[in-house]
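There are 2 protein chains.
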Amino acid sequence: MWRLKCEVAYDGTEFSGWQIQPNGRTVQGVIEAALQNMHKGRQVRVSASGRTDAGVHARGQIFHFDSELNIPEEGWLKALNALLPGDTVIQKVQKVDSAFHARFDVVKKEYRYRVLYTRDIDIFRQRYTHHIPYELNQAGMAEAAEVLVGEHDFSSFCAANTDVKNKIRTLENLNIIHKGDEIVFRLVGNGFLYQMVRIIVGTLIEVGRGKRPAKDVSRILAEKDRTQAGPTAPGKGLVLWKVTYDSRD
Amino acid sequence: MWRLKCEVAYDGTEFSGWQIQPNGRTVQGVIEAALQNMHKGRQVRVSASGRTDAGVHARGQIFHFDSELNIPEEGWLKALNALLPGDTVIQKVQKVDSAFHARFDVVKKEYRYRVLYTRDIDIFRQRYTHHIPYELNQAGMAEAAEVLVGEHDFSSFCAANTDVKNKIRTLENLNIIHKGDEIVFRLVGNGFLYQMVRIIVGTLIEVGRGKRPAKDVSRILAEKDRTQAGPTAPGKGLVLWKVTYDSRD
Chain A
1 MWRLKCEVAY
11 DGTEFSGWQI
21 QPNGRTVQGV
31 IEAALQNMHK
41 GRQVRVSASG
51 RTDAGVHARG
61 QIFHFDSELN
71 IPEEGWLKAL
81 NALLPGDTVI
91 QKVQKVDSAF
101 HARFDVVKKE
111 YRYRVLYTRD
121 IDIFRQRYTH
131 HIPYELNQAG
141 MAEAAEVLVG
151 EHDFSSFCAA
161 NTDVKNKIRT
171 LENLNIIHKG
181 DEIVFRLVGN
191 GFLYQMVRII
201 VGTLIEVGRG
211 KRPAKDVSRI
221 LAEKDRTQAG
231 PTAPGKGLVL
241 WKVTYDSRD
Chain B
1 MWRLKCEVAY
11 DGTEFSGWQI
21 QPNGRTVQGV
31 IEAALQNMHK
41 GRQVRVSASG
51 RTDAGVHARG
61 QIFHFDSELN
71 IPEEGWLKAL
81 NALLPGDTVI
91 QKVQKVDSAF
101 HARFDVVKKE
111 YRYRVLYTRD
121 IDIFRQRYTH
131 HIPYELNQAG
141 MAEAAEVLVG
151 EHDFSSFCAA
161 NTDVKNKIRT
171 LENLNIIHKG
181 DEIVFRLVGN
191 GFLYQMVRII
201 VGTLIEVGRG
211 KRPAKDVSRI
221 LAEKDRTQAG
231 PTAPGKGLVL
241 WKVTYDSRD
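Chains as they are written, first to last, in this note's numbering: chain A, 1 to 249; chain B, 1 to 249.
Next comes chain A alone, as it looks inside the complex:
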């Protein structure tokens, strides 16, 4: 028996998210279908570093699974990609120790959120960016972002429908990068609550548009109440960029 660790990129547009469900096309669903095909119809379960929501993309999602098939890493890569649809691409396969777990062993994660900051929409980027045709006060957003960095109880930045009890997380970095006509929010942390990135981005955009002052963010954190933060930014702007397992990575 081998444990395989895989890196997968997907365009989330046509998926109802990562997690398999009875109705709706999911990333886990297409991957498990490909594996089932390779295992003579037997079901093979995969475990990811975490779920992604409908419309959310991944550049470096990680999952693992176990198999008795004796195939070299490069062989797995080719076989899986031959069976997967075009919007799901396995980028790397590694044989790992059977103790490795894609979810429990995560050391940190990086997400990026792309905002297209132009007057008109760009039809070639609309699947991957959130379009904001308004002025954004970038100094204000940077000031608010700084408050969020560090260890905090992020209850106000977590969707209400979650089972997680401990909502303390450490946000290592929150950079706001101006890149041509886009603004990219780059968040790195040891863990993210349900919809945390999108609520943070939605709140920072409200600060950028002058709907709330930058210093409001301290109060929102302190309230520990989801209704105090801004709206959840649309899934399509979000990319799970990188998952790190080893501090040496």
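There are no misleading hints in this set.
Pairs involving identical chains hold if they fit within one copy or between any two copies, as the list cannot separate such chains.
Straight-line distance between alpha carbons at most 30 Å, and here's what the computed BS3-like set of lysine-lysine pairs gives:
#, residue 1, residue 2
1, Lys179, Lys92
2, Lys242, Lys179
3, Lys242, Lys108
4, Lys211, Lys179
5, Lys242, Lys78
6, Lys211, Lys78
7, Lys108, Lys179
8, Lys95, Lys40
9, Lys167, Lys5
10, Lys242, Lys224
11, Lys95, Lys108
12, Lys95, Lys242
None of these hints come from the bench; they were simulated from the model. Because the structure is a prediction, the values reported are computed rather than measured.
Model the placement of chain B on the given structure of chain A, informed by the hints.
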């Protein structure tokens, strides 16, 4: 009666091309459906600057139509976009002289062809780029491109199934631009034959890969035989970038 000139951008991925057909989703089809909706079920025909093939995109395709509806330009823009699907966006509507014709009045056209020049595919650009994971000799491609610029009989660079008799066209510019990890072919000319851009790009890529020498292009032109040129590059890399009607544009 008013004649309306419209600029439309579309993501060609989910279309069987511009031209309406009984089976298959087409750009002309979705636009005429929106217009029919606005005209109480009456059919309104639109005329474009030219067709685009399945998978080919447009940033600035132009079409015109006539209507008795008295709506300001901004009103047309909003109404049409409200009725059109997300992959088709009207960017501009102008009332023009009834003598204007989107096809016959074209002065020049610009196409761009994007090649993603990396080892691995990029899932977020695969709809809009042709991926080439091989070395490309750029000096060779530039040398071959220079031969094509000017007035020539482009019979060798025209798909065989065409009715057009006169195959002399003037290619004003053919630039090969290195842009980050992409190579962009930019072609400007007074007219393009069926699949001419894609056959030119397909041939230049063969030169870039060393499959044929740069000087082979003169011979191909002289032969006036489609079978002498390279393959037709995939439609997804191509964008109809701009259509010019007035030399002052």
